[in-house]
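Q: Below, each chain spelled out in residue letters.
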Amino acid sequence: MSDPATSREVRSGGWTGAVRRYAVRTLPPEKLLPDTQPAYMASWIYVFGVLTVSALVVVVATGCLLALEGPGWWHVSSVGKYVNSLHLWSVELFMFFMVIHLWGKFFMAAWRGRRAMTWMTGAVCFLASVGAAFTGYLTQQNFDSQWISGQAKDGLNAVGIGAWFNVLDFGQMLMWHIVLLPLALGGLTGLHVLLVRRRGIVPPIDATVPTPGAVEGRL
Amino acid sequence: MAMAAASAERVLAAPVDLNHTGHYVHWGVVQISVANLVVVGLMVLVFVAAVLLPFPKGRGRR
Amino acid sequence: MKPLSRRTAEPESAAFPTRPYDLLKEFTIALVVVALLTAGLAALFSSPDDKPVTLAAWSAAAPGDFTATAVAELGATSMTAQYGPPYNDTPGAGQKIGPLGLQRAAGVRIPVDTAEDFVLRPLRQAPEPAEVTAALAAWSAASTDRQQTWTAAYADALGKAPNGDPTQVAPGDYGPVPALAGRLLTLAQAGGLDGQLLAQGHFYQTDYTKPVLFLADGTYLAGLADGQHLSGDQWGMMNETGNYPGQAWLWLYTFWYQIDPFKSSTNADALIWALMAVLSLGLVLVPFIPGVRSVPRWTKVYRLIWRDHYRGQR
Chain A
2 MSDPATSREV RSGGWTGAVR RYAVRTLPPE KLLPDTQPAY MASWIYVFGV
52 LTVSALVVVV ATGCLLALEG PGWWHVSSVG KYVNSLHLWS VELFMFFMVI
102 HLWGKFFMAA WRGRRAMTWM TGAVCFLASV GAAFTGYLTQ QNFDSQWISG
152 QAKDGLNAVG IGAWFNVLDF GQMLMWHIVL LPLALGGLTG LHVLLVRRRG
202 IVPPIDATVP TPGAVEGRL
Chain B
735 MAMAAASAER VLAAPVDLNH TGHYVHWGVV QISVANLVVV GLMVLVFVAA
785 VLLPFPKGRG RR
Chain C
-8 MKPLSRRTAE PESAAFPTRP YDLLKEFTIA LVVVALLTAG LAALFSSPDD
42 KPVTLAAWSA AAPGDFTATA VAELGATSMT AQYGPPYNDT PGAGQKIGPL
92 GLQRAAGVRI PVDTAEDFVL RPLRQAPEPA EVTAALAAWS AASTDRQQTW
142 TAAYADALGK APNGDPTQVA PGDYGPVPAL AGRLLTLAQA GGLDGQLLAQ
192 GHFYQTDYTK PVLFLADGTY LAGLADGQHL SGDQWGMMNE TGNYPGQAWL
242 WLYTFWYQID PFKSSTNADA LIWALMAVLS LGLVLVPFIP GVRSVPRWTK
292 VYRLIWRDHY RGQR
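Protein chains in written order, with the numbering used here: chain A, 2 to 220; chain B, 735 to 796; chain C, -8 to 305.
Incorrect hints may appear among the rest.
[Stated by the list, open to error] Within a straight-line C-alpha distance of at most 20 angstroms, the following computed EDC-like cross-link-like pairs (lysine to aspartate or glutamate) qualify:
#1 C:LYS254 <-> C:ASP217
#2 C:LYS201 <-> C:ASP80
#3 B:LYS791 <-> A:ASP36
#4 C:LYS16 <-> A:GLU31
#5 C:LYS254 <-> A:ASP155
#6 C:LYS42 <-> B:GLU743
#7 C:LYS201 <-> A:ASP155
#8 A:LYS32 <-> C:GLU17
#9 A:LYS32 <-> C:GLU1
#10 A:LYS32 <-> C:ASP13
#11 C:LYS42 <-> C:ASP185
#12 C:LYS254 <-> C:ASP224
#13 C:LYS87 <-> C:ASP251
#14 A:LYS32 <-> C:GLU3
#15 C:LYS201 <-> C:GLU107
#16 B:LYS791 <-> C:ASP299
#17 C:LYS42 <-> A:ASP170
#18 C:LYS201 <-> C:ASP185
#19 C:LYS291 <-> C:GLU1
#20 C:LYS291 <-> A:ASP207
#21 B:LYS791 <-> C:GLU17
#22 B:LYS791 <-> C:ASP13
#23 C:LYS42 <-> C:ASP217
#24 C:LYS151 <-> C:ASP164
#25 C:LYS201 <-> C:ASP104
#26 C:LYS42 <-> C:ASP198
#27 C:LYS201 <-> A:ASP170
#28 C:LYS42 <-> B:ASP751
#29 C:LYS16 <-> A:ASP36
#30 C:LYS87 <-> A:ASP155
Everything labelled a hint here was simulated from the structure, so no lab data went into it.
Construct the entire structure; sequences and hints are all you get.
A: Quick look at the structure:
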């Protein structure tokens, strides 16, 4: 593992230097923000990852707009109601794109080649999103929230979770919905995207690397 | 002020009212709302289209 | 050199021929498209917002149901009173996954005494007419057995009255129960009970556990939900009020409730949660599950996705 060119640098910079070297080694700028992609990446199915991230951005942004005026705003203001509608429909789009992304990655077996962690973080993102959407329904302060919390408590209580995670506690659910779950989902999404950048786009099943001569000849 | 609020109300009112009684499809043990069915159907349709539609190649290879 | 894996190692993606690609441009276009789609859908369809049911609205619309529920809370026969953990310690209550009783293991962490919390304390805290003071005194002086005989008899009589109407109950020995239930109904109809169940000694409050539990013990809320196709046996978890799409992604979770052995099990919630936990873990671990991880190879959808590549290889 010793590289004479960097051996002097290895000792410099303390923790900070070590972290910087690790970051640059694992994700050099041209990997982090590439301006080329493998030629086999040629299908519309590839746009659903970036569409999912885009929808998440809109979900968070519209959630922030709702936060500006507080949880009761959208019941009494037509502008608030529209912002709430933006939040709802961006979530519908987010789940829509995410599920198509998941189907696509499944049928591509995109976990091949040391990409299992990418799949796993993505799957956990999906589960966290279901939880985030659920707590959103609980914090609407309307008939839905009353009914859904009354029903959902039984499942959570039956396995002991309800004793701590009380779906009937509006304050607790609002905190989960606007702090804890967005943080978790945002962090996981960031990690997921960085893993994609680090490992690169998964090659087609059974693909072999073309020999350099053949590549030049073909292109 | 009241007029501004009223005009905001008018501009922001949804032209399609989905607040009527929901429609449901029953199929054996399966019960699903037409709204959910439309969403799921669109998802399948978009997935199939994404897989089948040719991806533009005009960006030039290198 | 990497250690040899069982299969031929996947080649690095960087080793393949490339084409120009603008990551940030694609992201920007996607963001604009999604923002426009969102704005359009929101403008076109708005969002559902059915008003919550207050205790005042419930007691006014269905005084019979409200009174029957109040009597059940007082006699400790309601759903909440018999619930077990985390609300109370009803012997034998609590679901199990086989021998594993997680519900009981978690303990009573959100204590609810339905008679005290839903009926007696609100009555004591409100201005007390003389007959209510007397009724409260008679109630607390009686033995538990006596109290339960009264509530059972009154619940029975309520059930036989036309529409469960408390004003048309046949005379009988119900002790102080009619006076207590009648006063609670008056309080609820005046809107006082909504605040009392919530405040319970606080000024600020964010916890709606008690009012929702009380409300959910009646049949009024469930009736409204059933009309909106939101009940558990209607795949209700997936559904939304009106014609809006709901949480369609809960299809598998709500599906299990529709079939045996879960449908008829008293441990359905616990069993289905356990099953969904296992299936969720399965989704996360797909890359490692033999058979499942090979489905993409068998289905050959990938041949369509990468058809340009495979055509080029031939």
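Q: Compare the structure with each hint and give your call.
A: Hints and how they fare:
1. C:LYS254 <-> C:ASP217: 17 angstroms, holds
2. C:LYS201 <-> C:ASP80: Holds, at about 17 angstroms.
3. B:LYS791 <-> A:ASP36: 16 angstroms, holds
4. C:LYS16 <-> A:GLU31: 16 angstroms, holds
5. C:LYS254 <-> A:ASP155: Holds: C:LYS254 and A:ASP155 sit about 15 angstroms apart, inside 20 angstroms.
6. C:LYS42 <-> B:GLU743: Since the Cα atoms of C:LYS42 and B:GLU743 sit roughly 19 angstroms apart, the hinted pair holds (cutoff 20 angstroms).
7. C:LYS201 <-> A:ASP155: 15 angstroms, holds
8. A:LYS32 <-> C:GLU17: 16 angstroms, holds
9. A:LYS32 <-> C:GLU1: 18 angstroms, holds
10. A:LYS32 <-> C:ASP13: 13 angstroms, holds
11. C:LYS42 <-> C:ASP185: 15 angstroms, holds
12. C:LYS254 <-> C:ASP224: Between C:LYS254 and C:ASP224 the Cα gap is close to 9 angstroms, so the pair holds against 20 angstroms.
13. C:LYS87 <-> C:ASP251: Judged against 20 angstroms, a Cα distance of about 17 angstroms means the pair holds.
14. A:LYS32 <-> C:GLU3: 13 angstroms, holds
15. C:LYS201 <-> C:GLU107: 11 angstroms, holds
16. B:LYS791 <-> C:ASP299: Roughly 10 angstroms separates the two Cα atoms, so the pair holds.
17. C:LYS42 <-> A:ASP170: 18 angstroms, holds
18. C:LYS201 <-> C:ASP185: 10 angstroms, holds
19. C:LYS291 <-> C:GLU1: 18 angstroms, holds
20. C:LYS291 <-> A:ASP207: 12 angstroms, holds
21. B:LYS791 <-> C:GLU17: Between B:LYS791 and C:GLU17 the Cα gap is close to 15 angstroms, so the pair holds against 20 angstroms.
22. B:LYS791 <-> C:ASP13: With a Cα-Cα distance of about 14 angstroms, the restraint between B:LYS791 and C:ASP13 holds, given a limit of 20 angstroms.
23. C:LYS42 <-> C:ASP217: 16 angstroms, holds
24. C:LYS151 <-> C:ASP164: Answer holds: C:LYS151 to C:ASP164 is near 15 angstroms, not above 20 angstroms.
25. C:LYS201 <-> C:ASP104: Status holds; Cα separation ~10 angstroms.
26. C:LYS42 <-> C:ASP198: Since the Cα atoms of C:LYS42 and C:ASP198 sit roughly 19 angstroms apart, the hinted pair holds (cutoff 20 angstroms).
27. C:LYS201 <-> A:ASP170: 9 angstroms, holds
28. C:LYS42 <-> B:ASP751: Roughly 16 angstroms between the alpha carbons, so the hint for C:LYS42 and B:ASP751 holds.
29. C:LYS16 <-> A:ASP36: 10 angstroms, holds
30. C:LYS87 <-> A:ASP155: 13 angstroms, holds
No hint from the list above goes unmet by this structure.
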